[in-house]
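There are 2 protein chains.
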Amino acid sequence: LKLIKPWAPKDSIAVIGSGSWATALVKIFTDSKLFVHWYIHREEDAIYIKKYLKNPKYLTSVKFKRNRIKVSHNLNETLNICLWVVFAIPSAFIESILKTIEIDLSKKIIVSGVKGILPQSNKHLGDFLRDEFNIPLSQFILIAGPTHAEEIALERLSYLTLVSENESIAAQLQTKLNVPYVQCHYSGDLLGIEYASILKNIYAIASGIAFGLGYGDNFQSVLISNSMGEMERFLYALNPIERSLTKSAYLGDLLVTAYSAFSRNRRFGTLLGRGYTVKGIQSEMQMIAEGFFALKPLYLLAQNQKLSLPIFSTVYGIVHEGLPAKKGFKWLTKKLV
Amino acid sequence: LKLIKPWAPKDSIAVIGSGSWATALVKIFTDSKLFVHWYIHREEDAIYIKKYLKNPKYLTSVKFKRNRIKVSHNLNETLNICLWVVFAIPSAFIESILKTIEIDLSKKIIVSGVKGILPQSNKHLGDFLRDEFNIPLSQFILIAGPTHAEEIALERLSYLTLVSENESIAAQLQTKLNVPYVQCHYSGDLLGIEYASILKNIYAIASGIAFGLGYGDNFQSVLISNSMGEMERFLYALNPIERSLTKSAYLGDLLVTAYSAFSRNRRFGTLLGRGYTVKGIQSEMQMIAEGFFALKPLYLLAQNQKLSLPIFSTVYGIVHEGLPAKKGFKWLTKKLV
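Residue numbers (the numbering used here), protein chains in the order written: chain G, -16 to 320; chain A, -16 to 320.
Derived from the structure by calculation, the hints contain no laboratory data.
There may be inaccurate statements among the hints.
Just so you know, same-sequence chains aren't split out, so a pair can sit in one copy or run between any two.
[Unchecked claim] In silico DSSO-like cross-links for lysine-lysine, where the CA-CA straight-line distance does not exceed 30 Å:
no.: 1; residue 1: K313; residue 2: K90
no.: 2; residue 1: K46; residue 2: K317
no.: 3; residue 1: K37; residue 2: K310
no.: 4; residue 1: K90; residue 2: K46
no.: 5; residue 1: K310; residue 2: K16
no.: 6; residue 1: K289; residue 2: K16
no.: 7; residue 1: K318; residue 2: K90
no.: 8; residue 1: K46; residue 2: K313
no.: 9; residue 1: K37; residue 2: K318
no.: 10; residue 1: K34; residue 2: K309
no.: 11; residue 1: K16; residue 2: K90
no.: 12; residue 1: K82; residue 2: K289
no.: 13; residue 1: K309; residue 2: K37
no.: 14; residue 1: K46; residue 2: K279
no.: 15; residue 1: K317; residue 2: K289
no.: 16; residue 1: K40; residue 2: K317
None of these values were measured; they are calculated from a predicted model.
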């Protein structure tokens, strides 16, 4: 007599990833009464989550309801079940995971929680999926911040911007994120918000370097406001449309990343400012600083556009060209307004 | 044979005020090899500073050189000696102090460290001095942030924006602020930066209220980016010129005030968010929240301009109309983007 199965496609969604942001999204979807088919790459993590209904590594305070999730270690199986697929994997890993996909994705609706540029193809996820998997951009939605996963775990009010060329699928996604601690807005500026959400990581690294070098709050505020100025020039050069940069998906996302203690990019920068090498930091940090991977492709883009971006260039020099952080920032202080 | 007196008018400057910002400015001027005639309103403070060469209440770690300052309790005498006069008094007190001036100020160059609207006349200091003391705006310079006095005491690199219709006197002031921990920029946008530096205090109160109510970092970033949007609309309505709001005097000043633990306005807001009344807070706090005094005159201005400013209106409602902070912010959360 049980006609409605909780895992029926209509009310189910696939989430690919087991990091903090993937875990936060699973929490939102399940709190919003969806059934989540949750693909976990590492088998021992999948076993742990199945058993304890908690992620062993991220947002460990969040316990999931057994009747709301189905954990899987089989990617193709998970993708096959659901029309809606959410990717929430660090950009550095996504290409190798996508290579293992054998099924046709061209009819799927893809939600991206991936912030960054895919390092092998130098593309955004949306463009990569269009080119490699024949998924049109009209089936693609980016979930943008400003949102630390850690505060989703605490159910602190957070704003998400759902970015797509297709407003109607963004509206459908909004109904799937229907919890009191999340408020959604729509934007059509896919290119602008993709790049804003990547650039903010680089500026958060800059903010961390300044902190690590001992600069204070007065300087931070100058650095971050100038970062916003650089971001404005960068986005306008890429796509010269009118956009209100004081919306939360642009300025807000920069602020939460550059000012918050939760930010991996800021911590990465802080260690650079304290004199650690990139290699030393990568072996010491558990989390990945997305901004690191974005530096090279964005540097090429900025050079092509002949943009003058002193903060960006200084971070690039420190990370990739052996520029001592102290010297780089001494030069930079003369360029800020 | 000592022909050059250190207190000769050429290298001397009068500073009126004994708060944290006045004390920071005296530090910068004396470190920059000027001689400061320092007017202190409270006689016991003047005696203390004369004796110990330290402010008893603010930036108490800063010790002044005996041969660089002359402390005075006689305002007219101090004003009479110097061509350059720096006012750094809370806006709430300045009118009553200015009433006691008996000498002609019309040839003086006035530097304002006063942030706020004078509560009796509802004017900025520059306009008030022009109307009441015949000092033309071409002799008026505003020193704008983003700068916490506490970090000047620590000699942490800080950026000042010198704002005047008269670029040449701003350049002269810059030579008087020649210390390695301060970097100066010029702006001609007197009206815009006056209002930006007042509005930021109100948005810092909002930020404090949110913190006091328990909202997290994600929400703060949304609140502050929307505050910048409101500020943009407000400044454009008052004076529709092209201005780059990502310069430190606009966005930077908002950030340092809204995010920093040093901010009085933020602390005032935090207590409001925790349920304290305005009266209760005023009796408990040692420092004055400038934003409180700015609310009424700016509210009238915003109403005249028919501006829609949800954050500003919510703070106004909480401070002046008995709106419970929790209820006000619940409404506000639906208005932010």
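Structure-based check of all given hints:
no. : hint        : verdict
1   : K313 / K90  : neither (52 Å within a copy, 40 Å between copies)
2   : K46 / K317  : between (50 Å within a copy, 29 Å between copies)
3   : K37 / K310  : neither (45 Å within a copy, 34 Å between copies)
4   : K90 / K46   : neither (32 Å within a copy, 72 Å between copies)
5   : K310 / K16  : between (53 Å within a copy, 28 Å between copies)
6   : K289 / K16  : neither (49 Å within a copy, 43 Å between copies)
7   : K318 / K90  : neither (49 Å within a copy, 36 Å between copies)
8   : K46 / K313  : between (47 Å within a copy, 27 Å between copies)
9   : K37 / K318  : neither (48 Å within a copy, 35 Å between copies)
10  : K34 / K309  : neither (49 Å within a copy, 40 Å between copies)
11  : K16 / K90   : within (24 Å within a copy, 73 Å between copies)
12  : K82 / K289  : neither (35 Å within a copy, 56 Å between copies)
13  : K309 / K37  : neither (42 Å within a copy, 33 Å between copies)
14  : K46 / K279  : neither (38 Å within a copy, 48 Å between copies)
15  : K317 / K289 : within (20 Å within a copy, 40 Å between copies)
16  : K40 / K317  : neither (42 Å within a copy, 34 Å between copies)
In this structure, the earlier hints numbered 1, 3, 4, 6, 7, 9, 10, 12, 13, 14, 16 are contradicted, and the remaining ones agree with it.
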